[in-house]
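Protein chains: 2
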Amino acid sequence: MSEPQRRFCKTPCEVELLSVGNELLLGNTINTNASWLAAQITILGGTVTRITTVPDNLVEISKATREALGRKPQFLITTGGIGPTFDDMTFKGVSKALHLRLRLNREAVRMIRNHYAKRFPKMKISLTAPRLKMATFPSGGIPLSNPVGTAPALRLHVRRTEIFCLPGVPTEAEAIFKESLSNEIRSRVGTSIFAERWLRVRGVMESSLAPVIDRTMTGMEGSGRPRIELHFSISAPNSKRAKEALVGAMSDIVNRLSDLGAKTSRIP
Amino acid sequence: MSEPQRRFCKTPCEVELLSVGNELLLGNTINTNASWLAAQITILGGTVTRITTVPDNLVEISKATREALGRKPQFLITTGGIGPTFDDMTFKGVSKALHLRLRLNREAVRMIRNHYAKRFPKMKISLTAPRLKMATFPSGGIPLSNPVGTAPALRLHVRRTEIFCLPGVPTEAEAIFKESLSNEIRSRVGTSIFAERWLRVRGVMESSLAPVIDRTMTGMEGSGRPRIELHFSISAPNSKRAKEALVGAMSDIVNRLSDLGAKTSRIP
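As given, the protein sequences belong to chains A and B, one line each in that order. Sequential numbering from 257 applies to the first sequence in the working numbering. Sequential numbering from 257 applies to the second sequence in the working numbering.
What you were told as hints is all true, and nothing was included just to trick you.
No distinction is drawn between identical chains; accordingly, a pair holds when it is met within one copy or between any pair of copies.
In the DSS-like style, the derived pairs of lysine-lysine whose C-alpha atoms are separated by at most 27 angstroms in a straight line are:
{"no.": "1", "residue 1": "K352", "residue 2": "K319"}
{"no.": "2", "residue 1": "K328", "residue 2": "K348"}
{"no.": "3", "residue 1": "K380", "residue 2": "K519"}
{"no.": "4", "residue 1": "K519", "residue 2": "K374"}
{"no.": "5", "residue 1": "K519", "residue 2": "K378"}
{"no.": "6", "residue 1": "K328", "residue 2": "K352"}
Keep in mind that the hints were calculated from the coordinates and are not lab data.
For reference, chain A alone in the conformation it holds in the complex (with noise of 0.2 angstroms):
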């Protein structure tokens, strides 16, 4: 078996996450839409740079997306904070990080009112102050619909950023991404793809093991762990590139743990 070639190929497509939410500071609620979108951004071919969360706090939300954009990702995904109560202010904290005035969008208060209309034909909905709050964005902003919740999600572009502010509820967070965001980071990955295997490692103790991680490691970025699980990853330019690269180090690790004694086996 030949050494793996390196053949990672840095996407120029990263992106970072900013949780907002008390909930999840508290940890009652542990965050699976960062874990979500980490993985649907992976397979789009785009690298999570960091994930940062904050509470439902003004100047802690406006800092935070400074500090982002400050590190200059292509994208900056938000979630939470932005639906009707007094504590949702992710809108407000953008703002304040980018000196934007707040203002009502006509297009987001179309879409709460058709939202309302929609799901209470026979009532009469007043668009009460909390519910034009969750209209009120950063000027430049854009309204994304939310298919299947209240609050539109938003987007403004910022220099070299997109910022998209998504809600909390997961599948509000999720419907969006799906409908209005993963073609933007399809489009700006290109043609990179990701690809990932495990393989299960029995016999050997995990710090023998890390020898052979490191030198099959040298021969191809990506992240392999001491756990019993080895985890292989690579973004590559197409997929055939990818296999190749995946197949190659698998094969040579393979070889290695089983001088040792180990033994292997594919996790499908």
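Assemble the complex: chain A is given as a structure, and chain B must be docked to it using the hints.
Below, chain B alone, put in the same frame as chain A:
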């Protein structure tokens, strides 16, 4: 029912969490360590102010560590990246952030040796380079024994902050937290305690709740989300005060909601 009084007491114990691991950014692994730690810290009366997730990358770990220390939390708890393989680089990242030298820590070597002697009493285990890597600490670091795994954790005092670096394996992180960290947080918090209650609301639309919540929340700090389930939380100097404030705020909101025709029930 009288207005609930402003009894929220800012605890002096702020904690930042730094999660290290490619698997979290690839979306393969949900960050349950962060939510488990956040829940424990909250119960102890501490406040988790931010959670940051970075990849297994020296520069990123170092940057995130420096940024977190700049916010001067009482505690910075990292998880992940302290094992034997090349991609475990939390100790190196912390050293880089603080311009500290890495040194072989004798006490940590002893812990690792004991771990192997206990786990494999009949085998002669040599302390290979990857195994010694787990004992290579930033100078000034104190090893904390890992009751369920190999890699010792690290404790390091830096100006205003106590840094704790825990393993990424949840059972190990949890065991070390309970054995070596929870008492530290408890003693820092002093007598402040945390209490919370949940309330289920039926028969009223989400956005109709907003004004009611806003009104009650100006009388009490906490978090209330318009998800039909409302969450009330408070940190107070003692449990009597915490209970009074919670009961006051809940009675108040129940009354206001009943005026709107909503039905409420406590979630045990």
